[in-house]
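Enquirer: Here's the letter readout for the chains.
2 protein chains.
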Amino acid sequence: MSDKPVSIRDVAKKAGVSPGTVSNVLTGRKPVNKDLADHVRKVAADLGYQTDRLASQLRTGKAQIIAVLVPDLDNPFFTSIVAAIEGCVSQENYEIIVANSNDDEETERSRLAAILAWRPAGIVVIPSTDRFPNRDLIERAGVPYVIADRVTHSPQADTVSVANEEAGEMAARHLLELGHRRILLAASVLGLGNMRERCAGAARVIEAAGAPAPEVLETGLTFDVASERLSKWLDGHERPTAIIGFTNFTTLGVLTALVERGIRIPHEMSVIGFDDYKWMCARSVPITAIRQPIQAFGQAIWSRLRNRIDGDTGPPMRVYLSCELIVRASAAAIGPKGPRTSNANDGNEQDNVREMARPDAGTGVKPGA
Amino acid sequence: MSDKPVSIRDVAKKAGVSPGTVSNVLTGRKPVNKDLADHVRKVAADLGYQTDRLASQLRTGKAQIIAVLVPDLDNPFFTSIVAAIEGCVSQENYEIIVANSNDDEETERSRLAAILAWRPAGIVVIPSTDRFPNRDLIERAGVPYVIADRVTHSPQADTVSVANEEAGEMAARHLLELGHRRILLAASVLGLGNMRERCAGAARVIEAAGAPAPEVLETGLTFDVASERLSKWLDGHERPTAIIGFTNFTTLGVLTALVERGIRIPHEMSVIGFDDYKWMCARSVPITAIRQPIQAFGQAIWSRLRNRIDGDTGPPMRVYLSCELIVRASAAAIGPKGPRTSNANDGNEQDNVREMARPDAGTGVKPGA
DNA sequence: GATTTACTGAAAAACGTTTTACAGGACCGT
DNA sequence: ACGGTCCTGTAAAACGTTTTTCAGTAAATC
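Heads up: the protein sequence lines correspond to chains A and B, in order. Numbering-wise, the first sequence is residues 16 to 384 according to the working numbering. Numbering-wise, the second sequence is residues 16 to 384 according to the working numbering.
Don't read these hints as lab results, they were simulated from the structure. Please note: incorrect hints may appear among the correct ones.
Just so you know, same-sequence chains aren't split out, so a pair can sit in one copy or run between any two.
As the list claims (entries may be wrong) - Pairs of lysine-lysine residues, derived as DSBU-like cross-links and limited to a Cα-Cα distance of at most 30 Å, are as follows:
no.	residue 1	residue 2
1	K247	K293
2	K29	K49
3	K45	K28
4	K19	K247
5	K19	K77
6	K293	K29
7	K247	K57
8	K293	K57
9	K45	K19
10	K77	K28
11	K293	K45
12	K19	K57
13	K77	K57
14	K29	K45
Could you build all of it, start to finish, from the sequences and the hints given here?
Expert: What follows is the structure in structure tokens.
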């Protein structure tokens, strides 16, 4: 109800000191007599004073704001990353601004501009495209940022991503061990670095095993077209014995396409999905999947960004985290008999985060097909 | 790279005018000669000037920030609402700050305090508890806010929610039409108004049909305990023929509990879920569910909040939106023969948003059991 | 005992805007 | 010619902080 919020001046007057002293007491930037400090603190508390962060951070130059720009706020993978980051930063008195680029380069640009006008302390962005041309906006503004997930290395900026090739390898190896040889890789869009790497990892292992090079199908970025394309593809091609979905949406697409075609899992088709969600277990044949370490992801992003905010001017770093294969029932041994699930879960639980300086920057991985 | 961002003073100097004039040109708050205005705009564009929103909004008093406080950022329902709101507000040059209360009253309070320090233009909050005692913080700050989802009416504030009773009725009626009489209602926590209302709606319809009053099971707020409690309950009670999950997490819990017990859907148990997600269709027996109108939800929240920000001082409004029953295969007719699905989808597609002033405020709905 | 040093806190400048107050014309009607 | 009203733009105040500068006192050093 009280229209004007209580200001530092009010506190100062009531406490009989100068505003500067109140500031020094509250921020602790300059020492002030213990007794007086206590008094000021008490008055501030009594008045319910809350420092106006707008004003405070106008003066100090940077806002305690971390902006997170994602390509799709309706994709639970991205929101889970936002959640993980929020958990980290809120403990250090930062606030999070979210923006949605809708996988569109133009809106990405405009959202980025709007966000930069807040002079945020840092930005984490999951680019809408691999090249991320809108980077120039951030760089011109001189705001620290890290690129996450989709772009796995960049000569200009820190990147945090998953060990994509390794993830692809894990999935493929699991299928090979189960006897599969004709494997379909379902990626969202090969224009994305992480997709190329996952496919490359899988393809390498598969070919190394002497199996035919896997086919790669691009299912697009949304769920709806994913299942559609999958269905169409299944109609027009010799049927593989296993499919790896390299994205949560593609996994969902694979699953519904199989339902539509009446192809049963795992008897007629083995499936490995990406990401680990509750619904994967809420089925009679729970889904074997590659789990991305979301919490660690968020922490790694924040820790990198934090360093930059604190003034780290070292060369761009590339951080990547290992995924984990969660063996369940949707990938089964091939052969005359029915499903036989394996539980060769050798996931390396600890030490799943590595950092490396980047001498090797810029060497993109070729698509697997 | 340029360390100091270009300020309005720089533009003014280069354009040969005063800072005030630049401001007037850019904000359009006072008229300025057309030619001069164009010139200023050009200079501003050349210099890549972007007004510092911190400074701007310090002066004007309120930040173009909408804070969204949700109980669980890992729950896709809540994040989908955030996404819907973000879509609305970003078009009007507002930015969204998200905060996670983690379903805990204390962290809710501290997050709220942190958020209020930004002097946001408005707040939308999905309270962690029904009573929402932390409301006092917002009210003391005098910031407009709307309460969403969980609390469906409040004498002090606008509420936007779903037509919960109606939703419960729809689900129950569908099951009754399919011949079910012993129905279990799975709610998250009956301390939440929306849960009580959904249960009440279902219970009323069921009892009106002469069927025994339905049992209500509280499954808790997280997925893990949900399935656990469900499993335990199923062991200790006579088995119903149908279950309604009144939350996406409880639905997931129901589904996995049934999987664990080897109870098949819909042959041995019919299930109606809540919310509409992709995974519900990615199964051989897709899930019949109550869909909440997420987009409309976000729009209604924003429109209400917008009005308040613009100075609407009318009495608190209660807005509620109708849900839709999506008939699929997980709820089947009971009887000697196997599953028979109905497609009696009479959902009222249009006119699913209503507003009403609140003379009836404060009359809570009783829990259904 | 004089001079430095250390400490404490007040006063004022600064951050980048917006807004208010005002000044200088031009234009109008008398 | 004169006072009034527009019109357009400048100068300066203001927003609520933090930071810098400085003054006054007490302690320490010679």
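Enquirer: I'd like to know which numbered hints this structure contradicts. Please list them from smallest to largest.
Expert: 4, 6, 7, 8 and 11
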